[in-house]
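We have chain P; now place chains D and R onto it with these hints.
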Amino acid sequence: MSGFLTVAGLHAGYGAGRVLHGVDLTVEEGEVCAILGPNGAGKTTLLRALCGLIRTTGTVRLDGADLPRNRPEAVARRGVAHVPEGRGTFAPLTVEENLRVGAYTRRDRAAVAADIDRVYGYFPVLGKRRGQAAGSLSGGEQQMVALGRALLARPRLLLLDEPSLGLAPLVTRELFEIIRTVNRDERLTVVLVEQNAHLTLEFADRAHVLETGRIALSGAADDVRADDRVARSYLGIGG
Amino acid sequence: MNGTRTPTAAPAARAPRTRRAVLKPQGVLLAVLLVAACVAPFQLVPFRVFQLTMVLVYAIAVLGLDLLVGRTGQISLGHGGFFAIGAYVAAVLLDRWDVPYPLTLPAALAVTFVLGFALGIPALRLRGLYLALVTMTIAIFLVPLLKRFESLTGGSMGLTLTKPDAPAWTGLAQDQWLYFCVLLVTGGATLAVAGLLRSRVGRALAAIRDNEAAAEVMGVRLSRYKTLAFAWSAMLAGAAGCVNTWVIAFVSPDSFTSTLSIMLLAGIVVGGLGSLYGPLLGGAFVFFMPTMSQGINQAAPGVISGLLIIVIMYVAPTGLAGLAGRASAARLARKK
Amino acid sequence: MADFIQQLVEGLGSGAIYASLALALVLIYQFTGIVNFAQGELAMFSTFIAWSFVQAGVPFWLALILTLAVSFLGGMAIERIVIRPVEGAPELTLVIVTLGLFILVNAAAGWIWSFLIKDFPSPFPESALHLGGVSLNYSTLGVLGVVAAVMGVLYALFRFTKIGLAMRAVASNPASARLSGVRVGRVLALGWGLAATVGAVSGVLVAPVLFLEPNMMGGVLVYAFAAATLGGFDSPLGAVVGGLVVGVAETLAGAYVGAIGSDLKIGVPLAIIIGVLLVRPQGLFGRAAVERA
Numbered sequence: 001m002s003g004f005l006t007v008a009g010l011h012a013g014y015g016a017g018r019v020l021h022g023v024d025l026t027v028e029e030g031e032v033c034a035i036l037g038p039n040g041a042g043k044t045t046l047l048r049a050l051c052g053l054i055r056t057t058g059t060v061r062l063d064g065a066d067l068p069r070n071r072p073e074a075v076a077r078r079g080v081a082h083v084p085e086g087r088g089t090f091a092p093l094t095v096e097e098n099l100r101v102g103a104y105t106r107r108d109r110a111a112v113a114a115d116i117d118r119v120y121g122y123f124p125v126l127g128k129r130r131g132q133a134a135g136s137l138s139g140g141e142q143q144m145v146a147l148g149r150a151l152l153a154r155p156r157l158l159l160l161d162e163p164s165l166g167l168a169p170l171v172t173r174e175l176f177e178i179i180r181t182v183n184r185d186e187r188l189t190v191v192l193v194e195q196n197a198h199l200t201l202e203f204a205d206r207a208h209v210l211e212t213g214r215i216a217l218s219g220a221a222d223d224v225r226a227d228d229r230v231a232r233s234y235l236g237i238g239g
Numbered sequence: 001m002n003g004t005r006t007p008t009a010a011p012a013a014r015a016p017r018t019r020r021a022v023l024k025p026q027g028v029l030l031a032v033l034l035v036a037a038c039v040a041p042f043q044l045v046p047f048r049v050f051q052l053t054m055v056l057v058y059a060i061a062v063l064g065l066d067l068l069v070g071r072t073g074q075i076s077l078g079h080g081g082f083f084a085i086g087a088y089v090a091a092v093l094l095d096r097w098d099v100p101y102p103l104t105l106p107a108a109l110a111v112t113f114v115l116g117f118a119l120g121i122p123a124l125r126l127r128g129l130y131l132a133l134v135t136m137t138i139a140i141f142l143v144p145l146l147k148r149f150e151s152l153t154g155g156s157m158g159l160t161l162t163k164p165d166a167p168a169w170t171g172l173a174q175d176q177w178l179y180f181c182v183l184l185v186t187g188g189a190t191l192a193v194a195g196l197l198r199s200r201v202g203r204a205l206a207a208i209r210d211n212e213a214a215a216e217v218m219g220v221r222l223s224r225y226k227t228l229a230f231a232w233s234a235m236l237a238g239a240a241g242c243v244n245t246w247v248i249a250f251v252s253p254d255s256f257t258s259t260l261s262i263m264l265l266a267g268i269v270v271g272g273l274g275s276l277y278g279p280l281l282g283g284a285f286v287f288f289m290p291t292m293s294q295g296i297n298q299a300a301p302g303v304i305s306g307l308l309i310i311v312i313m314y315v316a317p318t319g320l321a322g323l324a325g326r327a328s329a330a331r332l333a334r335k336k
Numbered sequence: 001m002a003d004f005i006q007q008l009v010e011g012l013g014s015g016a017i018y019a020s021l022a023l024a025l026v027l028i029y030q031f032t033g034i035v036n037f038a039q040g041e042l043a044m045f046s047t048f049i050a051w052s053f054v055q056a057g058v059p060f061w062l063a064l065i066l067t068l069a070v071s072f073l074g075g076m077a078i079e080r081i082v083i084r085p086v087e088g089a090p091e092l093t094l095v096i097v098t099l100g101l102f103i104l105v106n107a108a109a110g111w112i113w114s115f116l117i118k119d120f121p122s123p124f125p126e127s128a129l130h131l132g133g134v135s136l137n138y139s140t141l142g143v144l145g146v147v148a149a150v151m152g153v154l155y156a157l158f159r160f161t162k163i164g165l166a167m168r169a170v171a172s173n174p175a176s177a178r179l180s181g182v183r184v185g186r187v188l189a190l191g192w193g194l195a196a197t198v199g200a201v202s203g204v205l206v207a208p209v210l211f212l213e214p215n216m217m218g219g220v221l222v223y224a225f226a227a228a229t230l231g232g233f234d235s236p237l238g239a240v241v242g243g244l245v246v247g248v249a250e251t252l253a254g255a256y257v258g259a260i261g262s263d264l265k266i267g268v269p270l271a272i273i274i275g276v277l278l279v280r281p282q283g284l285f286g287r288a289a290v291e292r293a
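Chains as they are written, first to last, in the numbering used here: chain P, 1 to 239; chain D, 1 to 336; chain R, 1 to 293.
Wrong hints could be hidden among the right ones.
Stated by the list, open to error - Calculated pairs, SDA-like style, for lysine to any residue (alpha carbon to alpha carbon, straight line, at most 20 Å):
1. R:162 / P:113
2. P:128 / P:114
3. R:162 / P:173
Bear in mind the hints are in silico, worked out from the structure with no lab data behind them. Quick caveat, the model's predicted, so the values are computed rather than measured.
The shape of chain P in the complex, shown without the other chains (with noise of 0.2 Å):
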């Protein structure tokens, strides 16, 4: 199998609660891949899946090696960041120090401080707070702290849970537009799982569509976004 991420016969769940019934996935290097579906279809249950925060069968190999199973530190170490849905704040810790966390595995000190800076650039309100507690940041503020950490880790596959959760829409879109800059620049694959299927599939190169554990539908986003179930179940179009 080609792929920069090949995911195949995923099978995962919480006790004897199975969520994903063998999910097969292939994302490409350097794209930004949607994951769509309804609520309960497991698409929060794939991205931990995929970091090892949850007892997995099945193979999920990053470019042509095995990740570890089990051990989402592990993992971490081998260049996934993940931004877990409800952000994953540490909120007694400053913007900075979330930042610095993000950075815990490298230790080339002076790359680390210049990229702190990029993530600056990238989101200048985080540099005016960076003393700040986290925990006292907006939604849509915690969201880029968020993201800045896990671009921190340097990672080759970035995980995104719900980025747009409770953010208003302006926000949302500013944060996408960011994210894309990012996977322009750092070439940096993104996988991304939303809700608001209109926004991702404009910024997405790739969508899949997870129902009930299986990926129903995969196909470029404008493919994607053509298609009619899609159009009538997640973007409100037509009967």
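Only chains D and R this time, still in chain P's reference frame:
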């Protein structure tokens, strides 16, 4: 909880049938135990009878603590304190006012129940850890408090009493008479707790232990049941303390250090949380373990019970009935 | 007035000792959500180790440093061996395991060093510093100094080092820290090691006052509980402030409230614990308690 139950049957429908099913094998064991309990004092030398009596004494306290820990999942490190209060109520009544022996029991029950209830109210607001902390501190505080009120409690010297003799009509020796008195209290307490657990109250307590939030949603009045469970539990520890005074005929503050509270907790862990025969095994553990291992080294009882507690807790989530449900529930909750 | 100030300083002296044990409790609570009932006993055990070094002719301060190092390793080992297998278990299980540890460590110390009380040397001169009618014992000042130094080192560790940052991240959000590549298991072990070290300081400082024996820390633990409850179990700063307040309250109550005297002083922490839990359960500096599922 119990292997003989059919998990699919509705709770209301299965209650009468399962009770009979449970009684069958257990009934035989119970009958054997009862006969043995009645014959034993006539077959054993007085010292052994005394040892059995003490096992029964501690079994009452362990039963009480199990009602709290095993059945409602609250932690108390202060039951040695309630034990001490029960013991002192009996001792002071006997020493000061020559109250007849049997009457000291209801007095001890009443005092410890009221104290337990009073403490149970703030206890409601405390999550498990804090309850453990507060109860432990209270038990520690009790020792200097008992020493302070010297005129009543005899200070650090304690109070020495005379053991009650058996009434002439029984023809029993003193140790045998005491044994049967304690057996009666232990039996009564066990029946009372068994009855309680089979009632609506028992189901409410189990619901609280397994999932407090869900129990509340289902309409269990948390505050009332948690307070009551604490009060009953304290009362049983008080009863144990009271009969302890009958048997030992001596009380002193230093016999009720925090070690006693911890040993009682160790007793339920070793005996089995939330099980019927757990208290008896636990009582035997609390009494025999220190006396038997003391010979090796003064510190041996502590080393052995400490190790036992830790090791049993490792295997507990699968081994001990009461904890299994809790552990699996918590594991499920964590995964969410 | 001079007498009052004197009492105040004495109170701060014992408060500093409670503060260091409370800090040990808080360190572990922050990382694992466990109140370690065995913390006092671990401190006592460390103190016996220090005593053994001194008996063997090691100079006091070197003995102290060696003891702290041994305690650090011991704390990490305990986390690995005793706590790791029950990680994430219900609260009841965790409390009972730390109690088992309490009994075990207490008895083990008695087994190794016997239950006879021992004199523990004080590293500070017996004399006192006289300042305008107030005489301050060098031992009290020394205790305050040592505790302040320990706090300073801990502060620097948490504030300025990478591993300290990782530890704070784990305390705040372990899942998220893990996603950032922090090895949470190591951080937890480190937390236990640090806690054992800070606790050992409290043991070594209190031993010259209380005499060394296996049950030495029982009372101190209650004061440390009160301190941590007052300050908030999730606040290291709170533990320090709480310890000082509890120490002063205890000393003043013992000196000026006749009914309390020296024998019932243990009622002071009890009253503080119950009072705080009823009025402000999260403590002075703690974040509002969030129910753990």
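Quiz item: Which of the stated hints cannot be reconciled with the structure, identified by number in ascending sequence?
Solution: Number 3 - this is the single hint that the structure violates.
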